[in-house]
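Novice: Here are the chains, one letter per residue:
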Amino acid sequence: MNHRSLAFRLSVWYALLLSATFALVGAGMLYGLEQYLRANVGDSLRRRSVQVEQILQHSPAATTESAIGEAIETRVAPEFNNRFVRVTRAPATLVFRSGEPADRSFVAAAVPPQPEAVFSKAQVRPVATAYGRVMISSTPIDTASGKYLIELGTALEPIEALQYRLLSLLGLMLPVLVACAAAGGYLLVHSALRPVERMSHTAEQISVQDLEARLPVVPTGDALQRLAISLNHMLTRLRDSVQTSRRFLADASHELRTPLTVIKGELQELVATEVGRVEVRERIGSVLEEVARLEYLVSGLLVLSRLDAGDARRTWVDVNLGELAANTLEQMRLVAEDRGVQLQPTALSSLLVRGDSGRLKQVIVNLHDNAIKFTPRGGVVRLRTQQRDDYGILEVSDSGIGIPADALPHVFDRFYRVDAARSREDGGAGLGLSIVRSICSAHGVAIEVDSTPGRGSCFLLKFPLPALGSLPPAARPAEAPAEQIPPTGAPS
Amino acid sequence: MRLLIVEDDRKLADFVARGLRAERFAVDIAGDGLEGQRHLDAYQYDLLILDLMLPRSSGGELLRRVRRKQATLPVLVLTACDATEDKVRHFEAGADDYLTKPFDFAELLVRVRALLRRSPVERADVLRIADLELNRLTQQVCRGTLRIDLTAKEYGVLEYLMSSAGRVFSRSMILEHVWDQSFEGLTNIVDVYVRYLRRKIDDPFPLKLIHTVRGVGYCMRADDQAQDPGHG
Numbered sequence: 315m316n317h318r319s320l321a322f323r324l325s326v327w328y329a330l331l332l333s334a335t336f337a338l339v340g341a342g343m344l345y346g347l348e349q350y351l352r353a354n355v356g357d358s359l360r361r362r363s364v365q366v367e368q369i370l371q372h373s374p375a376a377t378t379e380s381a382i383g384e385a386i387e388t389r390v391a392p393e394f395n396n397r398f399v400r401v402t403r404a405p406a407t408l409v410f411r412s413g414e415p416a417d418r419s420f421v422a423a424a425v426p427p428q429p430e431a432v433f434s435k436a437q438v439r440p441v442a443t444a445y446g447r448v449m450i451s452s453t454p455i456d457t458a459s460g461k462y463l464i465e466l467g468t469a470l471e472p473i474e475a476l477q478y479r480l481l482s483l484l485g486l487m488l489p490v491l492v493a494c495a496a497a498g499g500y501l502l503v504h505s506a507l508r509p510v511e512r513m514s515h516t517a518e519q520i521s522v523q524d525l526e527a528r529l530p531v532v533p534t535g536d537a538l539q540r541l542a543i544s545l546n547h548m549l550t551r552l553r554d555s556v557q558t559s560r561r562f563l564a565d566a567s568h569e570l571r572t573p574l575t576v577i578k579g580e581l582q583e584l585v586a587t588e589v590g591r592v593e594v595r596e597r598i599g600s601v602l603e604e605v606a607r608l609e610y611l612v613s614g615l616l617v618l619s620r621l622d623a624g625d626a627r628r629t630w631v632d633v634n635l636g637e638l639a640a641n642t643l644e645q646m647r648l649v650a651e652d653r654g655v656q657l658q659p660t661a662l663s664s665l666l667v668r669g670d671s672g673r674l675k676q677v678i679v680n681l682h683d684n685a686i687k688f689t690p691r692g693g694v695v696r697l698r699t700q701q702r703d704d705y706g707i708l709e710v711s712d713s714g715i716g717i718p719a720d721a722l723p724h725v726f727d728r729f730y731r732v733d734a735a736r737s738r739e740d741g742g743a744g745l746g747l748s749i750v751r752s753i754c755s756a757h758g759v760a761i762e763v764d765s766t767p768g769r770g771s772c773f774l775l776k777f778p779l780p781a782l783g784s785l786p787p788a789a790r791p792a793e794a795p796a797e798q799i800p801p802t803g804a805p806s
Numbered sequence: 105m106r107l108l109i110v111e112d113d114r115k116l117a118d119f120v121a122r123g124l125r126a127e128r129f130a131v132d133i134a135g136d137g138l139e140g141q142r143h144l145d146a147y148q149y150d151l152l153i154l155d156l157m158l159p160r161s162s163g164g165e166l167l168r169r170v171r172r173k174q175a176t177l178p179v180l181v182l183t184a185c186d187a188t189e190d191k192v193r194h195f196e197a198g199a200d201d202y203l204t205k206p207f208d209f210a211e212l213l214v215r216v217r218a219l220l221r222r223s224p225v226e227r228a229d230v231l232r233i234a235d236l237e238l239n240r241l242t243q244q245v246c247r248g249t250l251r252i253d254l255t256a257k258e259y260g261v262l263e264y265l266m267s268s269a270g271r272v273f274s275r276s277m278i279l280e281h282v283w284d285q286s287f288e289g290l291t292n293i294v295d296v297y298v299r300y301l302r303r304k305i306d307d308p309f310p311l312k313l314i315h316t317v318r319g320v321g322y323c324m325r326a327d328d329q330a331q332d333p334g335h336g
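Chains as they are written, first to last, in the working numbering: chain A, 315 to 806; chain B, 105 to 336.
One or more hints might be untrue.
Said to hold, decoys possible - List time: in silico SDA-like cross-link candidates among lysine to any residue, alpha-carbon distance up to 20 Å:
{"no.": "1", "chain 1": "B", "residue 1": "Lys-115", "chain 2": "A", "residue 2": "Glu-580"}
{"no.": "2", "chain 1": "A", "residue 1": "Lys-461", "chain 2": "A", "residue 2": "Gly-383"}
{"no.": "3", "chain 1": "B", "residue 1": "Lys-115", "chain 2": "A", "residue 2": "His-568"}
{"no.": "4", "chain 1": "B", "residue 1": "Lys-312", "chain 2": "A", "residue 2": "Ala-586"}
{"no.": "5", "chain 1": "B", "residue 1": "Lys-115", "chain 2": "B", "residue 2": "Ile-133"}
{"no.": "6", "chain 1": "A", "residue 1": "Lys-461", "chain 2": "A", "residue 2": "Leu-408"}
{"no.": "7", "chain 1": "B", "residue 1": "Lys-115", "chain 2": "A", "residue 2": "Glu-569"}
{"no.": "8", "chain 1": "B", "residue 1": "Lys-115", "chain 2": "A", "residue 2": "Leu-584"}
{"no.": "9", "chain 1": "B", "residue 1": "Lys-115", "chain 2": "A", "residue 2": "Leu-570"}
{"no.": "10", "chain 1": "A", "residue 1": "Lys-461", "chain 2": "A", "residue 2": "Ser-434"}
{"no.": "11", "chain 1": "B", "residue 1": "Lys-115", "chain 2": "B", "residue 2": "Leu-213"}
{"no.": "12", "chain 1": "B", "residue 1": "Lys-115", "chain 2": "A", "residue 2": "Leu-581"}
{"no.": "13", "chain 1": "B", "residue 1": "Lys-115", "chain 2": "A", "residue 2": "Val-605"}
{"no.": "14", "chain 1": "A", "residue 1": "Lys-776", "chain 2": "A", "residue 2": "Val-631"}
{"no.": "15", "chain 1": "A", "residue 1": "Lys-687", "chain 2": "B", "residue 2": "Arg-299"}
{"no.": "16", "chain 1": "A", "residue 1": "Lys-687", "chain 2": "A", "residue 2": "Tyr-730"}
{"no.": "17", "chain 1": "B", "residue 1": "Lys-115", "chain 2": "A", "residue 2": "Val-576"}
{"no.": "18", "chain 1": "B", "residue 1": "Lys-312", "chain 2": "B", "residue 2": "Thr-249"}
{"no.": "19", "chain 1": "B", "residue 1": "Lys-115", "chain 2": "A", "residue 2": "Pro-573"}
{"no.": "20", "chain 1": "A", "residue 1": "Lys-776", "chain 2": "A", "residue 2": "Arg-668"}
{"no.": "21", "chain 1": "B", "residue 1": "Lys-115", "chain 2": "A", "residue 2": "Ile-577"}
{"no.": "22", "chain 1": "B", "residue 1": "Lys-304", "chain 2": "A", "residue 2": "Asp-652"}
{"no.": "23", "chain 1": "A", "residue 1": "Lys-687", "chain 2": "A", "residue 2": "Ala-586"}
{"no.": "24", "chain 1": "A", "residue 1": "Lys-461", "chain 2": "A", "residue 2": "Ala-385"}
{"no.": "25", "chain 1": "B", "residue 1": "Lys-304", "chain 2": "A", "residue 2": "Arg-653"}
The hints are simulated quantities; they were obtained by calculation from the structure and are not laboratory data.
The structure displayed is predicted, hence computed values, not measured ones.
All chains, please: the whole structure from these sequences, using the hints.
Specialist: And the structure:
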């Protein structure tokens with residue numbers, strides 16, 4: 315579960331609000347119940363207290379304390395009713411005190427005497443004893459025989475037990491309820507967001523190579539439907555503009571070819587007929603060299619536009635990548651050695667991939683051309699093909715000047731040069747690596763580049779393997795170069 | 105020998121025609137497919153050079169009609185599309201050979217001659233220029249009495265250059281003949297090999313045989329009067 319997702323955050327807020335509401339309602343309920351129960355108890359105590367008051371009022375002044383006690387026992391029966399009764403004559407003469415209650419809900423002897431102040435005012439209040447709290451209603455009265463304080467009490471324990479039961483019930487239910495509600499909320503938000511997820515999943519699948527796919531439009535009539543429709547319109551406009559630019563690229567490189575043929579032909583004829591001065595022919599030659607570069611540029615652009623159009627798949631066969639690399643390197647060895655760079659194909663195992671052999675060869679040539687160009691004399695360019703997990707790996711690494719980190723994301727861009735002056739001198743058009751990328755993406759091959767300035771670069775290509783896997787070791791090509799070429803600097 | 109060029113780009117057609125006329129061919133030019141069809145109906149041609157992208161009646165259509173009527177007329181197709189699948193498609197439609205723009209005239213001439221089967225290209229087993237001798241059967245190369253060891257690619261380049269002494273071979277022709285298109289434009293691979301070849305064949309000897317024609321390519325000939333400055 316993503317902690318920052320919309321569904322998660324909504325559920326958390328929902329749960330917090332719900333808990334707060336429940337807590338408030340629970341607290342209100344407990345308080346109200348307590349008030350209600352206490353009022354009830356108070357009322358019943360006062361009613362009894364009136365009975366005791368009547369006994370005292372109607373007793374003649376000479377009535378003994380035991381007679382009063384008997385009258386109270388008879389009329390009120392405090393022990394049987396689990397009540398506490400105490401009658402005190404002012405200032406502090408105990409007239410009567412009831413015995414221990416039948417249910418032992420409190421200890422009558424432990425109820426402390428009331429302070430002086432209570433003689434002035436009738437009140438109902440809880441009194442703490444050593445054996446639990448007792449609710450006591452105290453009523454002061456004036457009779458002919460003097461001032462009395464009537465106290466009637468009952469244990470608070472049943473009310474407290476009820477409160478405790480309710481509290482524990484609430485405490486148990488609250489987390490369960492909140493958890494259920496939060497989970498429900500999460501699922502609800504999640505399912506509400508599912509169409510959005512589906513849309514983003516489809517949008518992920520749409521690449522520049524395939525702009526035909528559209529987002530599913532569910533006719534819900536809400537914001538999501540409108541979003542899908544507007545995104546689809548945007549995709550259509552994007553496709554149109556990509557197609558226009560591709561068509562322009564293809565048309566432009568096409569149209570340039572005929573005039574190039576004429577320019578080249580006429581100039582070559584001038585040079586070949588050997589009329590005119592040597593200097594003139596030299597200059598024409600120089601122009602012809604530029605024409606050759608233009609020619610290469612145009613054909614590179616045409617290759618790119620054709621790869622963009624996605625017509626590379628038609629000539630796919632099983633290609634032995636190891637063998638292809640070995641043969642290609644054989645043809646480039648002298649060019650590398652001429653620049654004082656060693657080509658080192660290591661661990662060249664045969665590896666079967668599906669693809670267009672000519673295009674894959676172009677990838678190997680371009681990667682090596684690039685590596686050789688940017689590796690100083692005495693450097694090494696290594697090639698490795700191997701099978702790793704479910705991928706065929708082709709790795710070209712060099713000990714060259716490397717690529718600065720800020721240039722790394724752009725090396726596959728068309729016409730991009732890390733060091734413009736340097737590579738233009740080498741005749742590079744800035745298309746080599748973008749052709750590599752186009753061919754790779756047409757083959758479903760992922761490219762990883764790693765480079766340390768001053769230490770060298772490494773291009774790693776991950777080919778998806780066909781079901782066949784690797785060839786048996788017997789089919790491996792020779793790893794040693796077949797052609798023996800003298801080392802640089804000492805050609806015989 | 106009478107040739108018909110069907111090409112809508114007038115300048116290109118003129119340039120090709122001029123070059124072919126200099127090689128003593130009779131050349132007619134048609135600017136579009138319908139005109140081409142009229143020429144083909146009216147005259148007997150030995151070879152058709154056909155551009156595939158034509159106004160009014162496309163080149164492909166003309167090609168199919170030619171194949172229905174004159175099955176044996178050799179057809180050299182010129183086009184700006186160099187995709188393999190296009191080539192396959194047009195070979196299937198009846199093209200005998202295929203040349204992608206921008207091409208070298210020398211290359212066009214080689215193809216035309218090959219199609220007309222009157223190629224002056226040396227087919228002998230032993231090729232000779234001055235005291236340089238190349239034996240195609242044993243793949244041995246000697247200069248005077250000295251045997252020269254060449255690598256496979258160096259041999260390929262030398263054999264190609266010697267196959268027509270005095271003719272200028274462009275880099276792309278050499279590249280396509282000895283390597284393949286993958287190496288086009290990227291590296292100075294041809295120059296490197298020619299340089300190594302020179303070290304073995306020319307440097308130890310006073311008479312230089314390999315000549316650079318700047319901007320075009322290389323040629324081999326025995327006369328040493330026109331010293332080319334590219335040779336170093």
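Novice: The structure should be examined with respect to each hint, and the outcome stated for every one.
Specialist: Results of checking the hints against the structure:
1. About 10 Å separates the Cα atoms of Lys-115 (chain B) and Glu-580 (chain A), which keeps this hinted pair within 20 Å; it holds.
2. A distance of roughly 17 Å separates the Cα atoms of Lys-461 (chain A) and Gly-383 (chain A); the hinted pair therefore holds under the 20 Å criterion.
3. Distance restraint check for Lys-115 (chain B) and His-568 (chain A): the Cα-Cα separation of roughly 17 Å lies within the 20 Å cut-off, and the hinted pair is therefore satisfied.
4. Note on Lys-312 (chain B) and Ala-586 (chain A): the hinted pairing holds, with a Cα-Cα distance of about 19 Å set against a maximum of 20 Å.
5. Taking the CA atoms of Lys-115 (chain B) and Ile-133 (chain B), the gap is about 11 Å. The hint holds against a cut of 20 Å.
6. With a C-alpha separation of about 12 Å, the suggested pair Lys-461 (chain A) and Leu-408 (chain A) falls inside the 20 Å cut-off, and the hint holds.
7. Annotation: proposed proximity of Lys-115 (chain B) to Glu-569 (chain A) holds, straight-line Cα distance about 14 Å (limit 20 Å).
8. Of the supplied pair hints, the one linking Lys-115 (chain B) and Leu-584 (chain A) holds, its CA atoms being roughly 16 Å apart against a limit of 20 Å.
9. Using a Cα cut-off of 20 Å, the hinted pair Lys-115 (chain B) and Leu-570 (chain A) holds, with the two alpha carbons roughly 14 Å apart.
10. Taken as a hint, the Lys-461 (chain A) and Ser-434 (chain A) pair is honoured in the structure, with Cα atoms around 10 Å apart against an allowance of 20 Å.
11. Taking the CA atoms of Lys-115 (chain B) and Leu-213 (chain B), the gap is near 18 Å; set against the 20 Å cutoff, the hint holds.
12. Between Lys-115 (chain B) and Leu-581 (chain A) the alpha-carbon distance is near 13 Å, which keeps this suggested pair within the 20 Å criterion.
13. Restraint check: the Cα-Cα separation between Lys-115 (chain B) and Val-605 (chain A) comes to about 17 Å, which is no more than 20 Å; the hinted pair holds.
14. For the suggested pair Lys-776 (chain A) and Val-631 (chain A), the alpha carbons sit about 18 Å apart, so the restraint of at most 20 Å is met.
15. Between Lys-687 (chain A) and Arg-299 (chain B) the alpha-carbon distance is near 19 Å, which keeps this suggested pair within the 20 Å criterion.
16. Between Lys-687 (chain A) and Tyr-730 (chain A), the direct Cα distance comes to roughly 15 Å. Compliance with the 20 Å bound is thereby established for this hinted pair.
17. Between Lys-115 (chain B) and Val-576 (chain A), the direct Cα distance comes to roughly 7 Å. Compliance with the 20 Å bound is thereby established for this hinted pair.
18. For the hint linking Lys-312 (chain B) to Thr-249 (chain B), the alpha-carbon distance of about 17 Å falls within 20 Å, and the restraint holds.
19. Taking the CA atoms of Lys-115 (chain B) and Pro-573 (chain A), the gap is about 8 Å. The hint holds against a cut of 20 Å.
20. Pair hint Lys-776 (chain A) plus Arg-668 (chain A) holds up; C-alpha atoms about 12 Å apart against a cutoff of 20 Å.
21. Restraint check for Lys-115 (chain B) and Ile-577 (chain A): the C-alpha separation of about 10 Å stays at or below 20 Å, so the hint holds.
22. For the hint linking Lys-304 (chain B) to Asp-652 (chain A), the alpha-carbon distance of about 15 Å falls within 20 Å, and the restraint holds.
23. A distance of roughly 32 Å separates the Cα atoms of Lys-687 (chain A) and Ala-586 (chain A); the hinted pair therefore is violated under the 20 Å criterion.
24. Taking the CA atoms of Lys-461 (chain A) and Ala-385 (chain A), the gap is about 18 Å. The hint holds against a cut of 20 Å.
25. Annotation: proposed proximity of Lys-304 (chain B) to Arg-653 (chain A) holds, straight-line Cα distance about 19 Å (limit 20 Å).
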